[in-house]
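Just so you know, the sequences run in chain order A and B. Taking this note's numbering, the leading residue of the first sequence gets 1, the next gets one more, and so forth. Taking this note's numbering, the leading residue of the second sequence gets 1, the next gets one more, and so forth.
There could be a bad hint or two in this list.
Said to hold, decoys possible - Residues on chain B that point at chain A, a partial pick, calculated with CB under 10 Å: (1) T31; (2) N37; (3) Q65.
It is worth saying that the hints were derived from the structure and are not from the lab. Computed from a predicted model, the values in this text were never measured in an experiment. Glycine residues also receive a C-beta, built at the ideal position from the N, C-alpha and C atoms.
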Amino acid sequence: MRSAPTRSPHGEPAAGRVGEETGITLVELLVGMVITVIVTALILTVYFALTSSFSYSAKSSTAREQARLAVGRMTREIRDAEAVTGIDECAVRRARQRWIAVYTTFNESGNEDPYMTPHLVAYRLYGDREIWRFEDLNNDGAISGFDMNPSSESSFAVSEKTAGEGASLVVSNVVNYDPTTSPQPPLFLYSFVDDTGQLVTSSYVYYTTNRVRILNVQIHVLVDLNPGHSPVYADLQTSAQLRNQRLQ
Amino acid sequence: MVDNERGSGIILLVSIVATLAILAASLVWITGNMQQNSADDRTRVKAFGVTEAALDSGMAALSAQWPGAPGNGPDLSTTAEAAFRSEFTPSEYPAPTSADVEFVSWQYFDNQDPIDPAITWDKGSPEYPDVPDNRVWLVAQANVGSKSARIQTLVERTYLDTGVPRGVALFAGGNLLSNGGGNNPKIVIEVPPPAGIQTTVRAGGYIDDPTVSASNIVDLEGAAAGSVDEVFPPSLRDSLKAIALANGRYFTSVDAAQNSSADANWSPEGGLSGLCVVETTQTVSLRAGEWNSEAEPGFLLVLGGGNIDFAGMGDYWGVMYTDGTVDKGHGTFTVHGMVVAASTVDMRGTVNVHYNDNVIAKLQNRWSLNVRVVPNTWRELQPTE
């Protein structure tokens, strides 16, 4: 039981009892702690949400940009495809749904020289969802360490990624052929004029006589921007009209 | 000391708020960066599209004025650039950010080895210095905003393929008359057709006087002569008429044809020279003078039943065709090439028809209709500053 405070003759609290008078009660302390916890929790929630959002935005932005650059590069190289006189009269060396090989001078220094020989460039989508680019760097007409005649059109030797000439990773997390993806869009789809003069669209074009009549290549890249979590797709589609195989 | 301890809470709060602000700003930056990347992509696509349009525009200019000689090519400088620029709204296709480049620029040069961009006309090769091959390189570059694209391709001229048969000196759907005798033979070979092709004179009716043609020419009469449609197909007549219509060389009166102005490509001297199609029931008369040349022969088509009357001291180099008759071929007029009439041809006096295969051959590529891209020569280059 608290005693009544001692007062001075003027009615003010006596010296030496001030500490008792300015203390906070247990209730006040508890209320303050609860408020602090709530405020802190709110701040931390917002912080973690923002951090997570920032992390996702940064990663997805990078992935989206990487995919866009990859599609842009593929489009321009395919569009620029050019036959090599005397070696292969067709600008497209291989035309499959998961990979393509073309001759091109795109982005080559000095390609304004008409006598510059186009070299072989290939794009291939592997089972681990990665698209890699290969290039005949020494202009010998072949890409060493790269199988131009794989036994299967759905699985390729992963060793190509390290042994293939000019190998470079172009884009990751491409889920065109992921089991959970439905429908599974072909990475490359070709429009060509067949023997009867009909315009045909197919994900495979065999034989030079047909490949020389490829007019257009549709490129469809489906990238998962949120790998390991709920999928978030970037669906990039474009087409490359082969300027050197246009109908006259 | 109590007040100081309470201040640490404020510092903590400020730090947290600052961190949140940085994160929020980063998000805004990322979003803005993505938008900028998208905008750059769009601008890059626009620059490429404009470059392809410029390439087509350059081809059209070369088609209209082929650089057959030094200084003779189309002017693709300031005026052309301004005209091309006016087709694109500045809000949608902004001017280049660099002041050192134009919105669009072209360059064309000869393709003969060794390639020299300074040679801006279609010259011959070292082996055949006087024989242009009708091909030049064309380069177009467009600069839209901060993005540029540059395309190079070899272009070539395409020609009106007349398909006029070789070796036919004269065809008359009706009879071939030679009233008045004169200087037989009047139909001779000036330049023979290629080996294996016989020069003939054909008349769907009869040939009045066989001595009208030289002995080394075979006369064909009646069904053996074939039809006018075989010698001068309707498709050829139609295409020539269409081309004449498109190029101001189609007339519905003789006066209009004879008084027509010159056109560098289609009618070097105006009048009845070059390509001239007259649809009339009147008679088209040619008198003293010279029309065309062996190097630049012409077509004179008289459609609609009108006749051709050539006489006097004149020379016509090319092919004459009429739906009607050549009923007054007389005087000392000479046609160097070929004469085709759906009906009768009457060769009087000392008129001559000299079959000239150089003329017929030249008519296969006498007029360029267009300029097209040579397959497998299209390349996208690095833009230049």
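Status of the hints after comparison with the structure:
Taking 10 Å as the C-beta cut-off, the interface hint given for T31 of chain B holds, the closest approach to chain A being about 7 Å. A least Cβ separation of about 6 Å between N37 of chain B and chain A falls short of the 10 Å threshold, and the interface hint therefore holds. For Q65 of chain B, the interface hint is violated, the least distance from its beta-carbon to any beta-carbon of chain A being 22 Å, above 10 Å.
Hint check: a violation occurs at hint 3 only; the rest are consistent with the structure.
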